[in-house]
Amino acid sequence: MNNKNKLRCLAKRSFSMLGFSAALVGAAVSYSASAAAQGPALKAGQEYMVVASYPNQLHVIDAEKDSLYKSCDMPGRFGPGAIQVAPDHKTAYVLNNGYEDIYGVNMDTCEVTFHAKMSQASNERTKTLYAFALSYDGKELYTVQNPTILRSDHYEVQPTRLAVYDTSAGLKAKPIRTFPSPRLVTAMQVGKDGGLYMAGADIYKMDVHTGEYEVAVPSRNWQRERYVQPDVLNVWAVQTPTEDFTILYTTARFQEGSEDLNTADWLYGYFNINLATGETTTQDFAPITEIYFTGTRSPKDSNIMYGVLNRLAKYDIEKQELLGVAELDHSYYCITPNNDGSKVYLAGTYNHVAVYDADTLAHLKTITLPGGDMSTTTAQVFIR
Amino acid sequence: MKNRNLPRLAGGVMVAGMLLPTTSSYAADAEQIIRDNCLLCHSEENASAPQFSRMSHQRKTPEGWLMTIARMQLMHGLKITDEERRTLVKYFADRQGLAPEETAGSRYAMERRLNTMESFESADFEQMCARCHSGARVALQRRPAQEWEKLVHFHLGQWPSLEYQAMARDRDWFDIALEKMVPELTSSYPLQSSAWESWKAAPKADLAGRWSFSGQLPGKGDLHGTMTVVAKQGDRYEVSVDGQYADGSPIKGSGRAIVYTGYEWRADLTIDGVKVRQVFAASKSGQQLTGRMFEAVHDEVGADIVAVREGSAPMLLDVQPEYIRAGSRAQLTLVGTGLGEQVSLGDGLQVVKELYRDDNKVVVEVMADAGASEGARQVSAGSANGASVNVFSSIDQVKVVPEFAVGRVGGNGGSTPKYNAQFQAEAWANGPDGKAGTEDDWRIGFVPASWHVEPFDERAKADRDTEFAGVMDARTGKFTTGAAGPNPERKMSTNNAGNLKVVAAVKEGSETLTADGQLIVTVQRWNNPPLP
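Same order as they appear, the protein sequences are chains A and B. Position 237 (the first sequence) corresponds to 239 in the numbering used here; numbering is contiguous. Position 506 (the second sequence) corresponds to 552 in the numbering used here; numbering is contiguous.
These are computed hints drawn from the structure, not numbers from a lab. Any given hint could be a false lead.
From chain B, some residues computed to sit far from chain A (all C-beta separations above 12 Å) [stated by the list, open to error]:
id, residue
1, Tyr72
2, Ala254
3, Gly267
4, Lys321
5, Arg371
6, Val409
7, Met413
8, Lys445
9, Phe492
Using C-beta positions, here's what the derived DEER-type ranges look like [said to hold, decoys possible]:
id, chain 1, residue 1, chain 2, residue 2, range
10, A, Arg226, B, Val320, 53 to 61 Å
11, B, Asp503, A, Asn341, 39 to 47 Å
12, A, Asp331, B, Val343, 33 to 41 Å
13, A, Glu158, B, Glu167, 29 to 37 Å
14, B, Glu504, A, Asp375, 29 to 37 Å
15, B, Gly480, A, Asn312, 44 to 52 Å
16, B, Gln192, A, Leu70, 51 to 59 Å
17, A, Leu263, B, Arg489, 28 to 36 Å
18, B, Asp503, A, Ala123, 47 to 55 Å
19, A, Gly172, B, Ser233, 49 to 57 Å
Just so we're clear, the structure is a prediction, and the values are computed from it rather than from any experiment. For each residue, glycine too, the CB sits at the ideal point set by N, CA and C.
Extracted from the complex, chain A is given alone in its bound form (with noise of 0.2 Å):
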């Protein structure tokens, strides 16, 4: 019992920050789906990264100049601004509207060329926790949902479900399939195979078409001798260039022979999925020293793992050592790394975007976004 309080209480530090409730107060939808163009077409060939931030807009930043290249209104309301590409990286999906709503924009017109609505009834109030991904193919999109039906003088909450729409449906696709889904669940993504991995209170694998799933991770529910049960906040889900599905955990591991937090072990490690191959890996990487809301290996060298919130840190995942660090000038929640492992990004929480050399660590350049933060968006890097 013990060990999983003084576990928590790190962990509580860490979300606090995130400060969901505040942004989660509901309101009325308002949008027009005829947003002009703005900027240039992406371009083929060219990498970019895109983010969205306050008032409510997507951005799409030259990965190779690093320099602002468009910016797209949205509709809606901003927040919380999670975003996927799609697997042919000309669309990009957010979900927008106080986690109400699902857009997808189209880069390269600013287009909005699909919208679903959470809420499948009047009277009910829905809300996606991040926990939304696309099919392997793009032609599909899943996602968690956590409905609550408002009765005139009294709420009631109900199952989440797992909705499915097809990406073609247009401004106002419903689902065509929807199935019981585990509750907790916040970031996912798609395997080759087609199933579906949603991190929840473990890690479950899901026929997208029967609705069957089972446990492809144990998180909650691990059996790893001296270890407590693992903390495990992750919102953001990056779509790593090696197909790697990526999610940080802490924990604590006794001395043997020993039940003693006092003298315990206090680890950050990752849980991984590689998407393309179904591997699973549940690994330690290093004391806790600091707190890290995300974590991303090196698409160059997969022993090396980089953390983000307060400071940037570079760990040698075999050895657990920290390699180096960089200070930063205020927290940033998202880390993402360019295709060629060359370069980190780090987004998040305020409207810069910095831009660090993998190798390094150095500081390469800071990109200041027209309007205001980026809350808990996700950075996406992609080749187009």
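Got chain A sorted already, so can you dock chain B onto it with the hints?
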């Protein structure tokens, strides 16, 4: 560690202006207001007496009712006037309040003692329900199972991220809330209780009259005086206060009070130009009032108060100061009512001279024998008793009270005032075994000290917290927090937060005794609900 500080989070509005203008037959008025405004969403139920969905199936404090109705306005768009809201709060608090026994142990929340360390037997309760707000907010309500269940649905329906937060995502929060907490809450805090049935039936006292009160204001010291209460219509009163602090400075002011549920005294007064609020509970007999009087804006500044009605059975409320040193001569002030001629102070203490006397107050000069044994003496003045004085020969230890406090930056043009911190030095004797930290140690009382702050740890030292987080008044122990907002002089332009060690130094003969506590200075709390 079960003890926690009260979190300062969550939505709501201030108890501001709970005082009602006069209304007669307010029950009929209230029911009309409900029919006209609430039945848009709620329904009237089939029953002999008027009964409405949700609202007729809960009991809570006046502050609890205010929060609920304010939520109807803020979240659901209910439109009523302030006066209508006051009528409803009075109506619900009277008909569906809590019995005195039901608020005992949780009054600190109404009294706004925000540095209270809460602790509950049920670990589930602490983790599930006392994480975002005080446990007292919950313990001050009574509901049947369906209503506790609807409250759980409201929480998760309103804040879907709740179950993803730390201390929630490690468990099946929603299932535990419904399957475990609802039964636990229903049995701990049921709608029906014999305490409430008997309180409902009991006669309620009119609180008009003259009251003798005593109290202690941290940073300022002992106080006493009289409070004159004149009845108006509908449980409302006019109040005037006339008293003084130990240093002789006056306490003078007036205002208005209302009594809810037959015993919940709430007064808004202006005393010496400062707006203050009284949150008192009347005893069942209506002869005593107990609670806290605090500044309306800075509710961290407040005095514990007890009062007894003139003309009730003789009673001694307090001896000020609460201690005397063996072998010394000192003035003691006895406060109460019906104080008789014969002042008895117990072994080793003699009245040398009587300096002042009226029915509520006697001031005596007292000699304590050098050989007087250490410990408490029951004091009486005629048949008035109930208070004691501590005889000590030396101060052996000092403690900082509170041991741990949270202050908050504020002001600086922002809408949130500073939340300052006030510390006191408490003197202790080691007791017969002469050793500190053992069972027989005993508390002497609050003593003057000189105060300063130091960095709590290496981190606080490196960040120079003592220079930014605020200023300690060396004489009073009052810490005034820093200004709100980012500070360009600090690393990463962070705000004026800090982690400080609070040090008290007390001179005892040629020695200096020191003690320390901890003060966390943190950011403002953005809203300030009536119940923390």
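Which of the listed hints are broken here? Of the numbered hints given earlier, the structure breaks none, since each of them holds.
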